[in-house]
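Q: As they're listed, the protein sequences go chains A, B, C and D.
If you count the first sequence from 1, you need to add 7 to reach our numbering.
If you count the second sequence from 1, you need to add 7 to reach our numbering.
If you count the third sequence from 1, you need to add 38 to reach our numbering.
If you count the fourth sequence from 1, you need to add 38 to reach our numbering.
Just so you know, these hints were derived from the structure itself, not from any lab.
One or more of the hints may lead you astray.
What the hints assert, rightly or not - Here are some chain C residues pointing at chain D (derived, C-beta under 7 angstroms): (1) Val58; (2) Leu60; (3) Leu62; (4) Arg70; (5) Val71; (6) Leu74; (7) Ala75; (8) Gly78; (9) Val143; (10) Glu172; (11) Ser174.
Said to hold, decoys possible - Okay, the calculated bits of chain A under chain C, using three or more residues with CB under 8 angstroms as the criterion: (12) 77-89; (13) 102-113.
Using N, Cα and C, we set each Cβ at its ideal position, and we do this for glycine too.
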Amino acid sequence: MTEPNSIDSLSATVSRDGVIVIAGDIDMAGGPILELAIAEREAQLAADGADHEPSPGDVVLDMAGVFFIDSSGLRSLLSATRRAGERGGKVVLRSVGPEVTRLLEITGTLDHFDIESQRG
Amino acid sequence: MTEPNSIDSLSATVSRDGVIVIAGDIDMAGGPILELAIAEREAQLAADGADHEPSPGDVVLDMAGVFFIDSSGLRSLLSATRRAGERGGKVVLRSVGPEVTRLLEITGTLDHFDIESQRG
Amino acid sequence: MAEAVDVATDEVQVRTVGPVRLELPPDPSLSRVARLAASGVASLTGFNVDEIDDIKVAVSEVMVALIEHGADCTIAVEFDVSGGSFTVRGTTVIDDFDVNHPDLVLCRTVLSAVCSDHGIDLNDGRAVIWASVEQSRG
Amino acid sequence: MAEAVDVATDEVQVRTVGPVRLELPPDPSLSRVARLAASGVASLTGFNVDEIDDIKVAVSEVMVALIEHGADCTIAVEFDVSGGSFTVRGTTVIDDFDVNHPDLVLCRTVLSAVCSDHGIDLNDGRAVIWASVEQSRG
Ligand SMILES: Nc1ncnc2c1ncn2[C@@H]1O[C@H](COP(=O)(O)OP(=O)(O)O)[C@@H](O)[C@H]1O
Ligand SMILES: Nc1ncnc2c1ncn2[C@@H]1O[C@H](COP(=O)(O)OP(=O)(O)O)[C@@H](O)[C@H]1O
Chain A
8 MTEPNSIDSL SATVSRDGVI VIAGDIDMAG GPILELAIAE REAQLAADGA DHEPSPGDVV
68 LDMAGVFFID SSGLRSLLSA TRRAGERGGK VVLRSVGPEV TRLLEITGTL DHFDIESQRG
Chain B
8 MTEPNSIDSL SATVSRDGVI VIAGDIDMAG GPILELAIAE REAQLAADGA DHEPSPGDVV
68 LDMAGVFFID SSGLRSLLSA TRRAGERGGK VVLRSVGPEV TRLLEITGTL DHFDIESQRG
Chain C
39 MAEAVDVATD EVQVRTVGPV RLELPPDPSL SRVARLAASG VASLTGFNVD EIDDIKVAVS
99 EVMVALIEHG ADCTIAVEFD VSGGSFTVRG TTVIDDFDVN HPDLVLCRTV LSAVCSDHGI
159 DLNDGRAVIW ASVEQSRG
Chain D
39 MAEAVDVATD EVQVRTVGPV RLELPPDPSL SRVARLAASG VASLTGFNVD EIDDIKVAVS
99 EVMVALIEHG ADCTIAVEFD VSGGSFTVRG TTVIDDFDVN HPDLVLCRTV LSAVCSDHGI
159 DLNDGRAVIW ASVEQSRG
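All chains, please: the whole structure from these sequences, using the hints.
A: Quick look at the structure:
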């Protein structure tokens, strides 16, 4: 059986340096795909004993390819922040676009995240 | 009254050098807008006595901004070729994209037009 | 028939379009199709890029509420533009609908922020959720 | 309910989606909205760019036939993907429909070229026009 022809609305892959690179819409369809990638990264961190420099236990998301998020997608991110908090880590958002920032602002959840950079 | 807020699906403007610059979809909504611009150019040609160099009576369409055309849009172009033929001129298509070329091919109407260049 | 009509007002021409009605299975991936159709309607009626972003969020929240809290039946969403206002109105069959469910509270928080007005009505085993985004005059 | 289902075949996974139904006034500018919705359905079911171009043309031709030759009533178009085939099916009320009208002949010439199959049925004062585009396997 070859690769499925169907295109997911979102791709989320854990890169070699542990950063989760996301492209697509974080919505009802994309959220669960993102959650799988986050779980994969969390498993890596647990296996490493989370004792790596510079930020043990942080989940870093590269959001350069994200131009849409809704409340269902936000919930996927928030559940990662809860787990990160439990292990003393953070969810770091890199290259965040204005669409995502706006949703975090209006839901009062901006301070749940560590915003590393805005999309250029 | 200020400019209408509504955005047309197509813009077609006669530039200073007489070329009709088109951007948008040449469909049921765009076709009539294109026809207005062609009529404006035909009126200019008629007023000039159509004795200009290098190609008297030609209607030149810059298609660089056209990524969609259907049979209703094609009919707008074909009626221009009929009128051009009657006055001994041509309809010249500049920077034509593959979507337009394909529709001309499958309808057997490619030879009604003078294709000056393909979109780069 | 509700064909596109240009109505001249003192300030701007306001375009009336719709209703455009979409009926789809409660498939999460079709939320994107609803957003695309809504963007198309909004852009041809002259909403600007920021307003279209708000409309996409509003449509998506309506889809979230109906798909996640509905009874797994067909979703209907309708888009209407008139008087410079884009309204999305969605409906589906519900079993029991807890308006205070935290997920739905988050959904409504978002709708409150991106829409000028919104509402949820429950009757006869159906939920109707609507939201409006106003067009800037300028 | 027709939720998205992945069906494994010998060669590729074939995704089933739909039906997605669109009802709109016979406004020429809404042809673009129908194309956008169709592109969305086709892209999430894995059709490639060339196939999506064909689907957009097919949907547009169905809209041309129904809007230009219909009786100015609501247009319904339905998109269905199954077995690796995208089908658009449109219908509206007609007064009298001349299948040999030159504009409609041009329309059908285009449908013949971009679709693997298409058809027009007339009955009970309605026209039904359908067209299918096949997905490449590979
Ligand atoms: N409206 C809200 N404002 C702020 N945080 C919220 C809101 N709704 C949910 N959350 C947060 O989202 C996170 C994840 O919630 P939850 O869905 O319960 O996680 P999980 O599904 O992983 O158990 C929690 O930390 C919760 O505090
Ligand atoms: N199927 C077709 N193949 C080739 N040419 C066509 C076809 N259908 C229409 N035409 C051409 O389109 C042109 C415009 O047609 P028509 O709509 O009659 O023009 P007008 O509306 O300006 O009178 C004509 O030159 C006609 O030959």
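Q: Hint by hint, note whether the structure agrees.
A: Cross-check of the supplied hints:
| no. | hint | verdict |
| --- | --- | --- |
| 1 | Val58 | holds (5 angstroms) |
| 2 | Leu60 | holds (6 angstroms) |
| 3 | Leu62 | holds (5 angstroms) |
| 4 | Arg70 | holds (6 angstroms) |
| 5 | Val71 | holds (4 angstroms) |
| 6 | Leu74 | holds (4 angstroms) |
| 7 | Ala75 | holds (4 angstroms) |
| 8 | Gly78 | holds (4 angstroms) |
| 9 | Val143 | violated (26 angstroms) |
| 10 | Glu172 | violated (21 angstroms) |
| 11 | Ser174 | violated (21 angstroms) |
| 12 | 77-89 | holds (count 5) |
| 13 | 102-113 | holds (count 4) |
Violated hints, listed in ascending order, are 9, 10 and 11; each of the other numbered hints is respected by the structure.
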